[in-house]
Amino acid sequence: MKFPSPSSAEAVVSITNLSRRFGAKAALNDVSLYVPRGCVFGLVGENGAGKTTLIKHILGLLRAEAGSVRVFGLDPIGDTVLTLGRIGYLSETPDLPGWMRVDELIRYTQAFYPKWDAAYAQELLTQFGLNPTQRLNTLSKGQSAKAGLLVAQAHRPDLLLLDEPSSGLDPLVRRTILEAVIRTVADEGRTVFFSSHLLEEIERVSDHIAMLHQGKIVLCGPLDEIKAQHRQFTLHFEVPPAKTPVVAGALSISGRGKEWTVICNGARAELPSVAAKLGAQIVGERAPSLNEIFVAHAGTGEIPVPA
Amino acid sequence: MQIHISESEGIPIYQQIVSQVRYLIAAGRLQTGDELPPIRVLAEQLTVNPNTVARAYLELEHAGIVTKRHGSGTYVSEARNAVTQREKTKILTKRVDALLTEARQLDVELSEVIKLLHERDAAMDEVAK
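Chains as they are written, first to last, in the numbering used here: chain A, 1 to 307; chain B, 308 to 436.
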């Protein structure tokens with residue numbers, strides 16, 4: 001597995017050997033990743049894999065117990081003001097002051113950001129169909145997400161950080177969020193980092209991904225490379241194997257009776273001979289989707305269910 | 308320009324864009340001199356990464372299918388005819404293969420299939436009149 005090195009591109013976020021424990025549980029275990037400038041970086045992993053813990057380190061809300069975290073080359077704990085001023089953040093459940101009105105939230109947030117673009121905020125307000133005089137605690141879940149997105153975006157942050165932004169939202173609001181991602185990265189030099197368990201979304205908009213599984217990075221790199229490295233093969237057995245066959249070099253195997261599918265990563269030149277030894281023939285080959293790759297690596301056989 | 312992206316196919320998204328633009332040209336729905344949507348516009352329309360659209364456009368440009376005019380946009384090239392003949396053959400070959408597979412499964416002779424093609428072609432002419 002090739003990891004992008006910190007020197008290969010200007011890294012907006014660089015995390016080196018980060019570990020974090022909560023009591024007996026290792027929430028993050030020796031995590032290293034680099035987010036190049038100008039990319040959409042997708043962080044995938046099932047619930048409890050450590051995605052939010054990782055994001056909290058980027059925001060400077062958690063101190064690295066072991067390893068280091070750098071954002072724009074700075075320490076997000078020591079230089080909180082400098083780093084947070086350049087980040088736009090939206091969480092799964094935007095923590096908005098419920099007693100405020102939408103226009104008050106905009107004015108309140110504006111005060112924190114010298115680079116606030118009032119015209120852009122107005123444009124987003126119209127585009128999102130938000131009523132400026134409505135109280136935040138009366139907004140629907142979708143409208144709250146849009147309000148959260150508006151204030152995360154209107155200072156044109158260098159890094160837009162979204163933690164499970166689409167969770168529990170309807171397709172129209174999800175689309176609005178994805179369009180914001182695309183618009184941000186289309187703006188020269190801006191970077192998006194977002195976590196999701198909706199792999200179809202990640203696959204559509206990301207150019208780099210990292211996969212977290214039980215606190216460890218199991219895959220990290222350009223999405224195209226990851227997709228090109230993985231292949232799915234269908235094996236046809238003359239005699240149905242009595243139990244699940246063991247295929248050397250395969251990440252996962254599933255099926256029943258005479259036909260089984262395996263997913264391989266990287267070296268697979270030996271697969272035909274491995275299959276022949278098992279009394280099977282390769283009858284199909286295709287590129288797996290990111291979802292299938294994820295399941296193969298997570299090794300649970302369970303497809304992540306959208307919340 | 309109608310393009311449909313599927314994540315479940317496993318085919319890289321930029322390749323899906325490339326092949327669908329080629330198809331639209333072959334089908335005559337995009338013609339010489341037509342402008343392709345700007346990268347950002349298509350990216351938002353398809354909700355895909357702008358870099359992916361840029362990569363697809365670059366590939367189409369290298370294949371001589373589109374030309375970038377500096378400071379204006381991306382246009383379907385003049386030299387598309389040579390390419391589209393090959394595209395047309397490629398598209399039809401897939402359909403013909405599917406037809407022949409089905410004919411074999413149904414035990415229908417090739418001569419019967421050819422006869423049927425002529426009949427249907429004549430029927431379409433009738434409708435066109």
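The set of hints was computed from the structure by calculation and includes no laboratory data.
Predicted model, so just to flag it, every value in this text is computed and none were measured.
C-beta: ideal position from N, C-alpha, C; glycine also.
Wrong hints could be hidden among the right ones.
Taking beta-carbon pairs under 8 Å as the criterion, some of the chain B residues facing chain A (in silico) [what the hints assert, rightly or not]:
(1) I320
(2) P344
(3) R347
(4) A350
(5) P357
(6) T374
(7) L407
(8) A410
(9) L413
(10) D414
Outcome of the hint check:
1. Against a cut-off of 8 Å between C-beta atoms, the interface hint on B:I320 holds, since the closest Cβ of chain A lies about 7 Å away.
2. A distance limit of 8 Å between C-beta atoms decides the matter here; for B:P344 the minimum to chain A is near 13 Å, and the interface restraint is violated.
3. For B:R347, the interface hint holds, the least distance from its beta-carbon to any beta-carbon of chain A being 5 Å, beneath 8 Å.
4. With 8 Å as the threshold, the beta carbon of B:A350 comes within range of chain A, its nearest partner Cβ sitting at about 5 Å, so the hint holds.
5. For B:P357, the shortest C-beta to C-beta distance to chain A is roughly 5 Å, which falls under 8 Å, so the interface hint holds.
6. The criterion of a C-beta within 8 Å of any C-beta in chain A is not met by B:T374, whose closest approach is roughly 22 Å, and the hint is violated.
7. A distance limit of 8 Å between C-beta atoms decides the matter here; for B:L407 the minimum to chain A is near 20 Å, and the interface restraint is violated.
8. A distance limit of 8 Å between C-beta atoms decides the matter here; for B:A410 the minimum to chain A is near 23 Å, and the interface restraint is violated.
9. Restraint check, B:L413 versus chain A: the minimum CB separation of about 23 Å is more than 8 Å; hint violated.
10. Residue-level restraint check for B:D414 is violated (minimum Cβ-Cβ distance to chain A is 24 Å; threshold 8 Å).
Hint violations for this structure: numbers 2, 6, 7, 8, 9 and 10, all remaining hints satisfied.
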